[in-house]
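Throw the hints in and build the complete structure from the sequences for me.
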Amino acid sequence: MSGAARRRARRTTLACFVQALEGKRVVVELRCDTIVRGELLSADDQLNLQLGEATHQPLQGAKREMPYVYIKGRHVRFIHLPGSLEPAAAVEAHRKRVAAAVKEHERAQAQAAQRPGARLAKGMQLELGWQQAQQTQQQQQQQQQAGPTGMDMG
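Counted the way our numbering counts, the sequence shown spans residues -18 to 135.
What the hints contain is simulated information worked out from the structure, not anything from laboratory work. Be a bit skeptical, because a hint or two may be false.
Distance condition first, Cα-Cα at most 27 Å in a straight line; then the derived DSSO-like pairs of lysine-lysine [stated by the list, open to error]:
| # | residue 1 | residue 2 |
| --- | --- | --- |
| 1 | Lys5 | Lys84 |
| 2 | Lys77 | Lys5 |
| 3 | Lys5 | Lys44 |
| 4 | Lys5 | Lys53 |
Here are the in silico distance ranges between beta carbons for each label pair [stated by the list, open to error]:
| # | residue 1 | residue 2 | range |
| --- | --- | --- | --- |
| 5 | Gln123 | Glu46 | 45 to 51 Å |
| 6 | Gln92 | Phe59 | 43 to 49 Å |
| 7 | Glu34 | Ala80 | 27 to 33 Å |
| 8 | Phe(-2) | Gln95 | 34 to 40 Å |
| 9 | Gln123 | Gln90 | 26 to 32 Å |
| 10 | Gln124 | Leu22 | 43 to 49 Å |
| 11 | Asn29 | Ala69 | 21 to 27 Å |
| 12 | Gln92 | Thr36 | 40 to 46 Å |
| 13 | Ala82 | Glu10 | 27 to 33 Å |
We put the CB at the ideal spot given by N, CA and C, even for glycine.
Have a look at this one:
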């Protein structure tokens, strides 16, 4: 499957619908007959879920409050939807958010490519921060242009 086909499939799968629920309170039933309730922080293409302010209720056992829960998609049996959810509107709003994020990313990448010295050594931007890395690179270029100093060439 090509990259474009994967992106197209990603927009039309069940995962897209679950991702549209981000920020809403959901009830997740796991395959081991456990129920987890919480705010859906994020979901990925494999239906791995991150819930915040969650309550974990096993079939037999004590209910536990947790600030954060990560659930692998293979453990999910059902995701119970909020009663007030408009499915079509939620998916459309999610698609618009994703499209806006993609456009913003492309714009930022285009701006970065137009900056002089935008190509730095791998990891330099992360370690030093953009401004420090740019200053360091300019200093290196100036030193290279000036040539060796303090050496007698004769």
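Results for each hint:
| no. | hint | in the structure |
| --- | --- | --- |
| 1 | Lys5 / Lys84 | holds (25 Å) |
| 2 | Lys77 / Lys5 | holds (17 Å) |
| 3 | Lys5 / Lys44 | holds (21 Å) |
| 4 | Lys5 / Lys53 | holds (19 Å) |
| 5 | Gln123 / Glu46: 45 to 51 Å | violated (58 Å) |
| 6 | Gln92 / Phe59: 43 to 49 Å | holds (44 Å) |
| 7 | Glu34 / Ala80: 27 to 33 Å | holds (29 Å) |
| 8 | Phe(-2) / Gln95: 34 to 40 Å | holds (38 Å) |
| 9 | Gln123 / Gln90: 26 to 32 Å | holds (28 Å) |
| 10 | Gln124 / Leu22: 43 to 49 Å | holds (47 Å) |
| 11 | Asn29 / Ala69: 21 to 27 Å | holds (25 Å) |
| 12 | Gln92 / Thr36: 40 to 46 Å | holds (44 Å) |
| 13 | Ala82 / Glu10: 27 to 33 Å | holds (30 Å) |
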